[in-house]
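Sequences listed follow chains A and B, in order.
Position one of the first sequence corresponds to residue 1 (the working numbering), numbered consecutively onward.
Position one of the second sequence corresponds to residue 419 (the working numbering), numbered consecutively onward.
Worth flagging that the hints you see were computed from the coordinates, not collected in a lab.
Because the structure is a prediction, the values reported are computed rather than measured.
Any given hint could be a false lead.
[Claimed, not checked] In silico DSSO-like pairs for lysine-lysine, Cα to Cα no more than 30 Å straight-line:
| hint | chain 1 | residue 1 | chain 2 | residue 2 |
| --- | --- | --- | --- | --- |
| 1 | B | Lys466 | A | Lys33 |
| 2 | A | Lys394 | A | Lys351 |
| 3 | A | Lys33 | B | Lys593 |
| 4 | B | Lys687 | A | Lys85 |
| 5 | B | Lys646 | B | Lys466 |
| 6 | B | Lys593 | A | Lys85 |
| 7 | B | Lys516 | B | Lys563 |
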Amino acid sequence: MQYKDKELLRFTTAGSVDDGKSTLIGRLLYDSKSVYQDQLDAVEESSNTKGFDYIDLSLLTDGLKSEREQGITIDVAYRYFATPKRKFIVADTPGHIQYTRNMVTGASTANLAIILIDARKGMLEQTHRHSFIASLLRIPHAIVCVNKMDLVDYSEEVFNKIVDDYKAFATKLEIIDIQFVPISALKGDNVVNKSKNMNWYKGGSLMYRLENVHISSDKNHIDCRFPIQAVIRPQTIEHQDFRGFAGRIDGGVFKTGDSVKILPSGFISKIKTLELNGERLSEAFAPMSITMTLEDEIDISRGDMIVRENNSPEVGQDLEVLVTWMNINPLLARTKVIIKHTTNECVAMVKELRYKIDINTLHRVVDIEKLQMNDIGRISIRTSKPLFFDTYKKNRQTGSIIIIDEQTNETIGAGMFI
Amino acid sequence: MNNYIVNHLRELESEAIFVIREISAQFENPVLLFSGGKDSILLVHLAKKAFYPAKIPFPLVHIDTGNNFPETISFRDDLVNKLGVRLIVGSVQESIDKGRAKEETGSDASRNSLQIVTLLDTLDEYKVDAALGGARRDEEKARAKERFFSHRDEFGQWDPKNQRPELWNLFNGRKNFGEHFRVFPISNWTEMDVWEYIKLENIDLPSLYFSHQRDCIVRNGVILANSKFIKLKEGEKVVNMTVRFRTCGDMPITGAIESEADDLTKIIKEIATTRVTERGGRADDKRAETAMEDRKKQGYF
Numbered sequence: 001m002q003y004k005d006k007e008l009l010r011f012t013t014a015g016s017v018d019d020g021k022s023t024l025i026g027r028l029l030y031d032s033k034s035v036y037q038d039q040l041d042a043v044e045e046s047s048n049t050k051g052f053d054y055i056d057l058s059l060l061t062d063g064l065k066s067e068r069e070q071g072i073t074i075d076v077a078y079r080y081f082a083t084p085k086r087k088f089i090v091a092d093t094p095g096h097i098q099y100t101r102n103m104v105t106g107a108s109t110a111n112l113a114i115i116l117i118d119a120r121k122g123m124l125e126q127t128h129r130h131s132f133i134a135s136l137l138r139i140p141h142a143i144v145c146v147n148k149m150d151l152v153d154y155s156e157e158v159f160n161k162i163v164d165d166y167k168a169f170a171t172k173l174e175i176i177d178i179q180f181v182p183i184s185a186l187k188g189d190n191v192v193n194k195s196k197n198m199n200w201y202k203g204g205s206l207m208y209r210l211e212n213v214h215i216s217s218d219k220n221h222i223d224c225r226f227p228i229q230a231v232i233r234p235q236t237i238e239h240q241d242f243r244g245f246a247g248r249i250d251g252g253v254f255k256t257g258d259s260v261k262i263l264p265s266g267f268i269s270k271i272k273t274l275e276l277n278g279e280r281l282s283e284a285f286a287p288m289s290i291t292m293t294l295e296d297e298i299d300i301s302r303g304d305m306i307v308r309e310n311n312s313p314e315v316g317q318d319l320e321v322l323v324t325w326m327n328i329n330p331l332l333a334r335t336k337v338i339i340k341h342t343t344n345e346c347v348a349m350v351k352e353l354r355y356k357i358d359i360n361t362l363h364r365v366v367d368i369e370k371l372q373m374n375d376i377g378r379i380s381i382r383t384s385k386p387l388f389f390d391t392y393k394k395n396r397q398t399g400s401i402i403i404i405d406e407q408t409n410e411t412i413g414a415g416m417f418i
Numbered sequence: 419m420n421n422y423i424v425n426h427l428r429e430l431e432s433e434a435i436f437v438i439r440e441i442s443a444q445f446e447n448p449v450l451l452f453s454g455g456k457d458s459i460l461l462v463h464l465a466k467k468a469f470y471p472a473k474i475p476f477p478l479v480h481i482d483t484g485n486n487f488p489e490t491i492s493f494r495d496d497l498v499n500k501l502g503v504r505l506i507v508g509s510v511q512e513s514i515d516k517g518r519a520k521e522e523t524g525s526d527a528s529r530n531s532l533q534i535v536t537l538l539d540t541l542d543e544y545k546v547d548a549a550l551g552g553a554r555r556d557e558e559k560a561r562a563k564e565r566f567f568s569h570r571d572e573f574g575q576w577d578p579k580n581q582r583p584e585l586w587n588l589f590n591g592r593k594n595f596g597e598h599f600r601v602f603p604i605s606n607w608t609e610m611d612v613w614e615y616i617k618l619e620n621i622d623l624p625s626l627y628f629s630h631q632r633d634c635i636v637r638n639g640v641i642l643a644n645s646k647f648i649k650l651k652e653g654e655k656v657v658n659m660t661v662r663f664r665t666c667g668d669m670p671i672t673g674a675i676e677s678e679a680d681d682l683t684k685i686i687k688e689i690a691t692t693r694v695t696e697r698g699g700r701a702d703d704k705r706a707e708t709a710m711e712d713r714k715k716q717g718y719f
């Protein structure tokens, strides 16, 4: 058995209870043999108590007591399974409009989104919403699963109609790669194994697609970005002069000997070593955590960024941000907030609320006085010091911020640079 | 062009090291909660990698229930010496002696929940503002929704409804006076990832994890190590078995499995085919369906 050389794929699922989302995840876990006997026993017992005729796989993803009491999912839950080819991290998010913030949270780290459509109902408002969020958060891949095919007699016409409808709608989206699979999560058709009930469908099962979608070019390996997290100075006799810059690479490929520029100082130096735990690397790229040493002694601290000499990010204090509001208290213009961006932190003033996006239609609503919880809108901010940033489209790490309340310290918003 | 891709273990490693470095940058008084189990040993290994060639810039805290496997304690002391880090021991016995905690009685008595008192007292005493733990989201359902940076109020409590959203790799460790964070750098690892990585990096583990001969008692279907901490119930007898441990908690509550797996390759093979969760052998989780959620709310790890 080969374990070591798996790729990691993070995907998000959004949907309401009726979509069969929990059943689908339960099915993926169950059919990939990621469910243990004791977990299954517990679910079986629970199903019996509730008087069900079959084992309810959705109970495998059942959450906290407070959620079970209300029969809803409050929060993003993370699930894990693996096949010999890949390890999967599932951000399981509730699909209600009140939970836009959770969908955005789950989507922020995902390479792929699973969008569930009930074959009987076709495209719904929430299908639009889930797709828009995946698109806004720039998830590169989407798999549209037309679920409950067993309830429409595994009809090819029904499937094709939904595919056509979705494709017409998807012209508004910026998702690069969209695939379609007809499934029944309850019966297991085309989830892990190819269904015998839909011979007209020539594509692979959902699992096949999850295992084979091409993700190696999802990261930006062109524009070198290395935000400094910490400076490592051992102060021991053995490593007296060691001065290493620790961080995680957000973009590009750094090589030993490369000429680099340090921001904000603008000093130029050459990379002496790239290392981790004393082991030298000839090159390093996203998402590696490394320690870098330079040929010259330059004053560098947390929040600085190392880039290539001829490829700098944008620098500025007046920034345009697409923000998802996550707090019960609405966002008003002229609010002072704290911003976290890469390893930097600063104070910022929200200058103007430009518009709000109707996430069911993508229409812009102008002349707004506030952004409420779960609203997505464009704002302009001014930061107390210059930030080195890219557009979110160019780099999801250097293009994103979180917004923090000065008083409560809560994370109240998430933003993407336009 | 080269295929610039790292495998899943290196990606998890990078993520964990990033989080560990964030802790040392964002907090004044972080500590690493060290249980002696494989997950906290892994965490120490990752912390060493994160700061090398400097030493780990925060102390290890061990909450000693007094019911530990002797192997755990000697392993801990060796590790601390080797790395040159400071060790803080919080003693549950002391909490009991001081009257801060009350020992459970009966043959199923456990000091597991008493740890909460000692833990919170220790964090208080050393003014700890961030405690790193080796908990993973795949372990238990209450942990599936845990954050990397888990906010605790001034009473050390976890409120599942009031956790901060975590997006991209931006972690918000800001807090008010008296509050602290629990931070879980290996949140996204599964049991299999941990073992594969231990093998990849050749990390030393206590002998408990490998197959050995031991006197055991079978209670409620759980194989427990015989020790001075455990009282025999009527009809129970001590049997010598070939076992190993998948987790490493207190002696009276940590279930063993019958196993011949005496090296990492065999352990990985065994886990790949096993049908019971790691915590399936933990008597502390069997007390109620929401046992973990309830303990977490009170301030458990």
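To see whether the hints hold, each was checked on the structure:
Between the alpha carbons of Lys466 (chain B) and Lys33 (chain A) the distance comes to roughly 34 Å, so the proposed pair goes past 30 Å and is violated. Distance check on the hinted pair: Lys394 (chain A) and Lys351 (chain A) sit about 25 Å apart at the alpha-carbon level, within 30 Å; holds. As the CA atoms of Lys33 (chain A) and Lys593 (chain B) are separated by approximately 41 Å, the hinted pair breaks the 30 Å bound. A hinted pair counts as satisfied when its Cα atoms are at most 30 Å apart, and Lys687 (chain B) with Lys85 (chain A) qualifies at roughly 16 Å.
Note on Lys646 (chain B) and Lys466 (chain B): the hinted pairing is violated, with a Cα-Cα distance of about 35 Å set against a maximum of 30 Å. The suggested pairing of Lys593 (chain B) with Lys85 (chain A) is violated, with an alpha-carbon distance near 41 Å, which exceeds 30 Å. At most 30 Å may separate the alpha-carbon atoms for a hinted pair to count; Lys516 (chain B) and Lys563 (chain B) exceed this at roughly 35 Å.
Violated hints for the displayed structure, listed by number in ascending order: 1, 3, 5, 6 and 7.
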